[in-house]
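Student: Letter by letter, the chains look like this.
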Amino acid sequence: MVKIEDLKRINLLRDIPDHLLEIISREAQLNIYGKDTQLMTIHEKVDTFFMLIMGQVAIKKELTPRIDIIFDFIQSGSSFGTSALMEGSISSYTAVCQEPCEAITLSGLRIRELFKDNHELAYYMLQGAARQYKKKMDIRAKMIIKTLDENPELKGAVHDIENLTPVA
Amino acid sequence: MVEKEYLKKIGFLKDLPDRILEKIGAISQLETFDEESLLFRQNQEKALLYMLVSGKVFLNSRSASGKSLTLDEVTPGRTFGVSTLLGGGHASTFTAICAETSTMITVSGEQMRQLFIDDFETGHAVILKVVELFRSRMEMHTRQFIQSLANHPEIRVL
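If you're matching them up, the sequences are chains A and B in order.
The first sequence: position 106 = 168 (the numbering used here), numbered continuously.
The second sequence: position 125 = 118 (the numbering used here), numbered continuously.
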């Protein structure tokens, strides 16, 4: 169980009414992780939804067998493991604590069970997740537009450009 | 009002139960736009969700230097303006213009959001589709970015 005040520090939960935060608070746990703890592993099932209270988590992928690329740093107030909110999701990245971290966690299995009985909770939490994805997609879209503007010859190499922003 | 048979032609909605499609259909319109009709401009706040039934729509973006790029050619069955379902006043990152005479289903984002609040089961079902759509696109972009980087000559020699 965690305090509602702690949940209100999480961006994804900011529009969720208090009566729903109370349900989440009963299901959530507060955990502390040491530096270099691997919280999620690429290609493995996503079982836990993480909401970071303190610290920094690197989101990374293997570029080559000798090089990892970090493509995002999760900081306090942000969340990851959103796939745990959906059935049968596999992680597309590895998440590692860059420093000691404090995070609120929710069991994916339990939260999906709650979603089946409480559509209001499901609606608000998934709306928060969609807004989070949208924000990241907008940042990437701007980066790609800027890159194509400066290097128009690259447009032919971007095979999925048609899927860049149609949802924005 | 739009019959559910039209909504079932839209990839984004086709798996939703009839009960939910009927509710969405009740607040939707079927409209036809002439070639070169401007649906909305870049940086303008979008009010409608668009689902293309026939025709073609270009999504163009003007960069900071003023160059215009066509980011997408939307074909029948596809949707754009999805972020209007999230509220929060998102300004569009592109201009939408009909490349040919186009028929599309339009629905007010505000009315859809009200429907979600009035019927959370519908809200849950539709927002889950939005999250799945966004997530798959994010993963696709990340995958392509990683692949491009891995093929970079300076990386390949490492």
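Note that these hints are calculated values from the structure, not bench results.
In this text the structure is predicted, and so the values were computed from the model without any measurement.
Don't be surprised by glycine CBs; every beta carbon is placed ideally from N, CA and C.
Hints should not be assumed to be uniformly reliable.
To be verified - Which stretches of chain A does chain B cover? Using the computed rule of at least three CB atoms under 8 Å from a CB of chain B, they are:
no. : region
1   : 105 to 118
2   : 122 to 133
3   : 141 to 150
4   : 176 to 183
To be verified - Distance condition first, Cα-Cα at most 25 Å in a straight line; then the derived PhoX-like pairs of lysine-lysine:
no. : chain 1 : residue 1 : chain 2 : residue 2
5   : A       : LYS178    : A       : LYS123
6   : A       : LYS197    : B       : LYS60
7   : A       : LYS204    : A       : LYS123
8   : B       : LYS(-3)   : B       : LYS16
9   : A       : LYS196    : A       : LYS208
10  : A       : LYS197    : A       : LYS208
11  : A       : LYS178    : B       : LYS7
12  : A       : LYS208    : A       : LYS198
13  : A       : LYS208    : B       : LYS60
14  : B       : LYS16     : A       : LYS198
15  : B       : LYS60     : B       : LYS7
16  : A       : LYS204    : B       : LYS(-3)
17  : B       : LYS60     : A       : LYS178
18  : B       : LYS60     : B       : LYS1
19  : A       : LYS122    : A       : LYS198
20  : B       : LYS7      : A       : LYS196
21  : A       : LYS107    : A       : LYS123
Student: Now tell me, hint by hint, if it's right for this structure.
Tutor: Now the hints, each set against the structure:
1. A stretch counts as covered by a chain when three or more of its residues have a beta carbon under 8 Å from one of that chain; for the region 105 to 118 of chain A and chain B the count is 0, and the coverage is violated.
2. For the region 122 to 133 of chain A, the stated coverage by chain B is satisfied: 7 residues place a CB nearer than 8 Å to a CB of that chain, which reaches the threshold of 3.
3. Against chain B, the region 141 to 150 of chain A contributes 4 residues with a C-beta closer than 8 Å to a partner C-beta. That satisfies the three-residue criterion, and the hint holds.
4. Under a criterion of three residues with beta carbons nearer than 8 Å to beta carbons of chain B, the stated coverage of the region 176 to 183 of chain A is upheld, 3 such residues being counted.
5. Taken as a hint, the LYS178/A and LYS123/A pair is broken in the structure, with Cα atoms around 33 Å apart against an allowance of 25 Å.
6. For the hint linking LYS197/A to LYS60/B, the alpha-carbon distance of about 24 Å falls within 25 Å, and the restraint holds.
7. Taking the CA atoms of LYS204/A and LYS123/A, the gap is about 22 Å. The hint holds against a cut of 25 Å.
8. Among the hinted pairs, LYS(-3)/B with LYS16/B is consistent with the structure: their alpha-carbon atoms are about 9 Å apart, no more than 25 Å.
9. The hinted pair formed by LYS196/A and LYS208/A meets the criterion: a straight-line CA distance of about 18 Å does not exceed 25 Å.
10. Proposed proximity of LYS197/A and LYS208/A is supported: the alpha carbons are some 17 Å apart, at most 25 Å.
11. About 21 Å separates the Cα atoms of LYS178/A and LYS7/B, which keeps this hinted pair within 25 Å; it holds.
12. For the hint linking LYS208/A to LYS198/A, the alpha-carbon distance of about 16 Å falls within 25 Å, and the restraint holds.
13. Among the hinted pairs, LYS208/A with LYS60/B is consistent with the structure: their alpha-carbon atoms are about 10 Å apart, no more than 25 Å.
14. Straight-line distance between C-alpha atoms of LYS16/B and LYS198/A comes to about 31 Å, which puts the hinted pair past the 25 Å bound.
15. Distance hint between LYS60/B and LYS7/B is unfulfilled; the C-alpha atoms sit about 37 Å from each other, more than 25 Å.
16. The hinted pair formed by LYS204/A and LYS(-3)/B fails the criterion: a straight-line CA distance of about 36 Å is larger than 25 Å.
17. With a C-alpha separation of about 48 Å, the suggested pairing of LYS60/B with LYS178/A is violated against the 25 Å cut-off.
18. Distance restraint check for LYS60/B and LYS1/B: the Cα-Cα separation of roughly 37 Å exceeds the 25 Å cut-off, and the hinted pair is therefore not satisfied.
19. The straight-line distance between the Cα atoms of LYS122/A and LYS198/A is roughly 15 Å, inside the 25 Å bound, and the hint therefore holds.
20. The hinted pair formed by LYS7/B and LYS196/A meets the criterion: a straight-line CA distance of about 22 Å does not exceed 25 Å.
21. Taking the CA atoms of LYS107/A and LYS123/A, the gap is about 16 Å. The hint holds against a cut of 25 Å.
Figure legend: structure checked against the earlier numbered hints; hints not met, in rising order: 1, 5, 14, 15, 16, 17 and 18.
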